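Line by line, the protein sequences are chains A and B. Position 249 of the first sequence, counting from 1, maps to 249 under my numbering, and the rest follow consecutively. Position 72 of the second sequence, counting from 1, maps to 72 under my numbering, and the rest follow consecutively.
Treat the hints as calculated values from the structure; they're not laboratory data. Source: prediction; values computed, not measured. Keep in mind that a hint or two might mislead.
[Stated by the list, open to error] Between beta-carbon pairs, the in silico distance windows are: (1) Thr-224(B) / Gly-198(A): 44 to 52 Å; (2) Gly-157(B) / Thr-179(A): 17 to 25 Å; (3) Pro-70(A) / Ala-256(B): 37 to 45 Å; (4) Gly-157(B) / Ser-195(A): 18 to 26 Å; (5) Ala-78(B) / Ala-170(A): 43 to 51 Å; (6) Gln-202(B) / Thr-179(A): 18 to 26 Å; (7) Gly-130(A) / Thr-85(B): 43 to 51 Å; (8) Glu-128(A) / Ala-63(B): 38 to 46 Å.
[As the list claims (entries may be wrong)] The list that follows gives simulated cross-link-like pairs (lysine to aspartate or glutamate, DMTMM-like), each with its CA atoms no further than 25 Å apart: (9) Lys-47(B) / Glu-64(B); (10) Lys-47(A) / Asp-39(B); (11) Lys-47(A) / Asp-67(B); (12) Lys-47(A) / Glu-259(B); (13) Lys-47(B) / Glu-121(B); (14) Lys-47(B) / Glu-101(B); (15) Lys-244(B) / Glu-64(B); (16) Lys-47(B) / Asp-76(B); (17) Lys-244(B) / Asp-39(B); (18) Lys-244(A) / Asp-58(A); (19) Lys-244(A) / Glu-259(A); (20) Lys-244(A) / Asp-225(A); (21) Lys-244(A) / Asp-39(A); (22) Lys-47(A) / Glu-101(A); (23) Lys-47(B) / Glu-101(A); (24) Lys-47(A) / Asp-67(A); (25) Lys-47(B) / Asp-39(A); (26) Lys-47(A) / Glu-253(B); (27) Lys-47(A) / Asp-58(A); (28) Lys-244(A) / Glu-64(A); (29) Lys-244(B) / Asp-225(B); (30) Lys-244(B) / Glu-101(B); (31) Lys-47(B) / Asp-225(A); (32) Lys-47(A) / Asp-177(A); (33) Lys-47(A) / Glu-64(B); (34) Lys-244(A) / Asp-132(A); (35) Lys-47(B) / Asp-67(A); (36) Lys-47(A) / Asp-76(A); (37) Lys-47(B) / Glu-259(A); (38) Lys-244(B) / Asp-175(B).
For every residue, glycine included, the Cβ atom is placed at its ideal position computed from N, Cα and C.
Protein chains: 2
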Amino acid sequence: MASSPDRTAANRLVALSGGEAVRAMGRVTLVGAGPGDPDLLTIKALKALQASDVLVHDGLVSAEILDLAPQARRIDVAKRKSRHTLPQDDINQLLVALAREGLEVVRLKGGDPFLFGRGGEELSACREAGIDCTVVPGVTAALAASAGAGAPLTHRGSAQAVTFVTGHAAHGEPDLDWTALARPNQTVVVYMGVSTAGFIAQRLTAAGRAGSTPALIVENASRTDERRILTTLAGLATAAEGLKGPALLMVGEAMAMAEIKVPGETATLAVVEVQNVSSGQ
Amino acid sequence: MASSPDRTAANRLVALSGGEAVRAMGRVTLVGAGPGDPDLLTIKALKALQASDVLVHDGLVSAEILDLAPQARRIDVAKRKSRHTLPQDDINQLLVALAREGLEVVRLKGGDPFLFGRGGEELSACREAGIDCTVVPGVTAALAASAGAGAPLTHRGSAQAVTFVTGHAAHGEPDLDWTALARPNQTVVVYMGVSTAGFIAQRLTAAGRAGSTPALIVENASRTDERRILTTLAGLATAAEGLKGPALLMVGEAMAMAEIKVPGETATLAVVEVQNVSSGQ
Chain A
1 MASSPDRTAA NRLVALSGGE AVRAMGRVTL VGAGPGDPDL LTIKALKALQ ASDVLVHDGL
61 VSAEILDLAP QARRIDVAKR KSRHTLPQDD INQLLVALAR EGLEVVRLKG GDPFLFGRGG
121 EELSACREAG IDCTVVPGVT AALAASAGAG APLTHRGSAQ AVTFVTGHAA HGEPDLDWTA
181 LARPNQTVVV YMGVSTAGFI AQRLTAAGRA GSTPALIVEN ASRTDERRIL TTLAGLATAA
241 EGLKGPALLM VGEAMAMAEI KVPGETATLA VVEVQNVSSG Q
Chain B
1 MASSPDRTAA NRLVALSGGE AVRAMGRVTL VGAGPGDPDL LTIKALKALQ ASDVLVHDGL
61 VSAEILDLAP QARRIDVAKR KSRHTLPQDD INQLLVALAR EGLEVVRLKG GDPFLFGRGG
121 EELSACREAG IDCTVVPGVT AALAASAGAG APLTHRGSAQ AVTFVTGHAA HGEPDLDWTA
181 LARPNQTVVV YMGVSTAGFI AQRLTAAGRA GSTPALIVEN ASRTDERRIL TTLAGLATAA
241 EGLKGPALLM VGEAMAMAEI KVPGETATLA VVEVQNVSSG Q
């Protein structure tokens, strides 16, 4: 059992138990793969990948990162909209079942597992099943988008706080605390908000955030096809039209610092647009 | 010029210019060092460290991380309270001056440069001086604290958003949007909030957040001396007493998932306390 050549870590555990023919219980590590650029993996994440028997990943994790674990079996449970996806409960049970086979299971997630990664649900499922489960944090997309654009999430005098929300809603439109999000002096980052950008902008504006507030859209943050659009809250919906990759909406005064071309940056930036939509208000 | 043996990167730039005796202009990279564990550096941050001529760092960056760049000169501009610190304007000017000497300058910051790291101010100073400045994101402390404790920042049904604020105030008490922070169904993370924990808890409670809301304090997240205290909002002030290291206050229902001992974790956790303070309300 647990004897196929690629089950390196499981084999090691069995060996450590004194060579007895017992099956060592596997374990699950929820690993943040970061925003996409393989160089934005942490060293700890890289080590976890290299020690894994099986990678359970979604469509947001790039091929370059998967290739860092050539020894591991790969299971794609892609969660991108309009593609076939495995329901969360099935993913939870898959992780438990793989660990029970004695495998070192890495559940690889774009960004960070605990920030819109549904890692909490997977951790709970492992705990309930008595499976050892640890978490390796990752650089969440907002940090990479902010760094790449040169637009800080917090900034003296204009952003004393930052709030992360998701624009994705299971049914219809996101139910967020618009009054809180509309307050000044903070940056609001919306994950998965492209398809609801118009609704979000309308609600924020109705709740009092000025239509002239700078808004930065970053698609495919840190990837070779990264694309940035600097606009305003009033122009957000128009600017978000046609975006296909995963994108962040970032709203707040500090986003005005975003540069069309950050000094020193060369080929990694495919397209950058700056929209002045003050006339659109 | 720019000829001392440790100025490796600057020498390389001069060499690339064809060996002419011109001084290449240096540049500044703002690098997130992550929460403390050297394994939570990104690969990109490690590369930046290895290519640096000089590291400008503060007291939150650990010796193990500084040792990853043995070739670099080190300048400590420690910003911890009650120690001698360089004012931010002086740090800005230092970075510009070092870059003008033709050096590869790495400004190394705990966590992420753009989330309570004042990186925006340093970037602005470089831009104004015409110095090339790029940013490498890092794992911010909250992500590491959350991962280590097994308590997700967002969680289905209990935390649909997360807000990061700072408890530090230049004069007196932090001026935060208590009404917004007191709303349910979100996690509130307070950086640098130990000394104002009592004030913060009182204001959140007064604004309507239940005193029974779970609250997790994580001191020295990801370091060998990490310490976690699971309490409630009502018990926050008492629990924060006596903490000396950098610590996060994390308030929200999902924090109840924090484990005293995460499965698989051994020596990295020095002390863990769980306080049931419901009687203290």
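Tested hints:
| no. | hint | verdict |
| --- | --- | --- |
| 1 | Thr-224(B) / Gly-198(A): 44 to 52 Å | 49 Å, holds |
| 2 | Gly-157(B) / Thr-179(A): 17 to 25 Å | 22 Å, holds |
| 3 | Pro-70(A) / Ala-256(B): 37 to 45 Å | 40 Å, holds |
| 4 | Gly-157(B) / Ser-195(A): 18 to 26 Å | 23 Å, holds |
| 5 | Ala-78(B) / Ala-170(A): 43 to 51 Å | 48 Å, holds |
| 6 | Gln-202(B) / Thr-179(A): 18 to 26 Å | 22 Å, holds |
| 7 | Gly-130(A) / Thr-85(B): 43 to 51 Å | 49 Å, holds |
| 8 | Glu-128(A) / Ala-63(B): 38 to 46 Å | 40 Å, holds |
| 9 | Lys-47(B) / Glu-64(B) | 15 Å, holds |
| 10 | Lys-47(A) / Asp-39(B) | 9 Å, holds |
| 11 | Lys-47(A) / Asp-67(B) | 20 Å, holds |
| 12 | Lys-47(A) / Glu-259(B) | 24 Å, holds |
| 13 | Lys-47(B) / Glu-121(B) | 24 Å, holds |
| 14 | Lys-47(B) / Glu-101(B) | 21 Å, holds |
| 15 | Lys-244(B) / Glu-64(B) | 20 Å, holds |
| 16 | Lys-47(B) / Asp-76(B) | 20 Å, holds |
| 17 | Lys-244(B) / Asp-39(B) | 24 Å, holds |
| 18 | Lys-244(A) / Asp-58(A) | 17 Å, holds |
| 19 | Lys-244(A) / Glu-259(A) | 22 Å, holds |
| 20 | Lys-244(A) / Asp-225(A) | 11 Å, holds |
| 21 | Lys-244(A) / Asp-39(A) | 24 Å, holds |
| 22 | Lys-47(A) / Glu-101(A) | 21 Å, holds |
| 23 | Lys-47(B) / Glu-101(A) | 38 Å, violated |
| 24 | Lys-47(A) / Asp-67(A) | 13 Å, holds |
| 25 | Lys-47(B) / Asp-39(A) | 9 Å, holds |
| 26 | Lys-47(A) / Glu-253(B) | 32 Å, violated |
| 27 | Lys-47(A) / Asp-58(A) | 19 Å, holds |
| 28 | Lys-244(A) / Glu-64(A) | 20 Å, holds |
| 29 | Lys-244(B) / Asp-225(B) | 11 Å, holds |
| 30 | Lys-244(B) / Glu-101(B) | 38 Å, violated |
| 31 | Lys-47(B) / Asp-225(A) | 22 Å, holds |
| 32 | Lys-47(A) / Asp-177(A) | 39 Å, violated |
| 33 | Lys-47(A) / Glu-64(B) | 18 Å, holds |
| 34 | Lys-244(A) / Asp-132(A) | 37 Å, violated |
| 35 | Lys-47(B) / Asp-67(A) | 20 Å, holds |
| 36 | Lys-47(A) / Asp-76(A) | 20 Å, holds |
| 37 | Lys-47(B) / Glu-259(A) | 24 Å, holds |
| 38 | Lys-244(B) / Asp-175(B) | 23 Å, holds |
Going through the hint list in order, the structure does not satisfy hints 23, 26, 30, 32 and 34.
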